[in-house]
Amino acid sequence: MLAAYMFVSVLLFAIGATGAMIRRNFLIVLMSLELMINGAGMSLIVMSYYIGNVSGQVMFLFVAAVAASETAVGLAIVAMMYKNKKSVDINDFTTLRK
Amino acid sequence: MSVEIVVFAILAILAVGGGFGIIVTKNPFRAAMWMVLSFIGSAGIFVMLDAVFIAMLQLIVYAGAITVMIVIAMYTMDKLTLSSLKRFNNQAYFGALFGLGILLDFIVIAAKLKINTAYMGKNLSIAGSNVKAIGDVLFKSYLLPFEITAIVLLIALFGAVALTKKDL
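Residue numbers (my numbering), protein chains in the order written: chain A, 1 to 98; chain B, 1001 to 1168.
Among the hints, a few may not be true.
With a straight-line cut-off of 25 Å between C-alpha atoms, the simulated DSS-like cross-links for lysine-lysine are [what the hints assert, rightly or not]:
#1 A/83 / B/1166
#2 B/1165 / A/83
#3 A/86 / B/1086
#4 B/1086 / A/98
For the record, the hints were derived by calculation from the structure and aren't laboratory data.
Please read all numbers here as calculations on a predicted model, not as lab measurements.
The task is simple: from the sequences and hints, build the whole structure.
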């Protein structure tokens, strides 16, 4: 069963990474990042169960806090970009390239 | 044992299918709903792994707060701006290939994983309470990281406010 649980966690991480790389909509990129963080957290929980140590669950608390703050800052960036460019397409966000 | 496998299969399909739904739907509102589905599946898997408190935290923080935050950010935007985008990037095949590489890489690592499972499922609760065990470890061994987490949240709040100010 350990391999099956780890497989789900790895699959969530890989799907999130793929979505963050291939999508154009910035909001969906943010959702994919959430999915990646969730997959990493799931591996912490799985290891916590199979090793028999509750520290992994405590780590998940920190991971969740960091995920929440990351979403807050990411949404602030989206709101600012939308105000300036009227778009949420990441291909329009080329200010640093010019 | 077989009941466990069936329940696990349903929850895993919910989690992974929801994740897959996020990256293929065109409309970001629907993607948010797929994300809730994926998080509910993950919460079920956490319950199977005796992490009851974390499962409830997952439902409240991820499926509740973060999704609502993203959806409310969508409410302030134009409908055409959100849903008339092309779905994938021009170089999407390269990203997909890279994601597949990450998947294979981690699968190899996960398959080679050898851990000592003598304490499997033990030490996760004190007197039948998972919350007591988490609090015991959190406030005895991880007190400094806990305080630093509070500071990180505060800084994120400042950052969000500073980014959305008018004159930046």
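Status of each hint after checking the structure:
no., hint, result
1, A/83 / B/1166, "holds (10 Å)"
2, B/1165 / A/83, "holds (11 Å)"
3, A/86 / B/1086, "holds (16 Å)"
4, B/1086 / A/98, "holds (23 Å)"
Of the hints listed earlier, there is not a single one the structure fails to meet.
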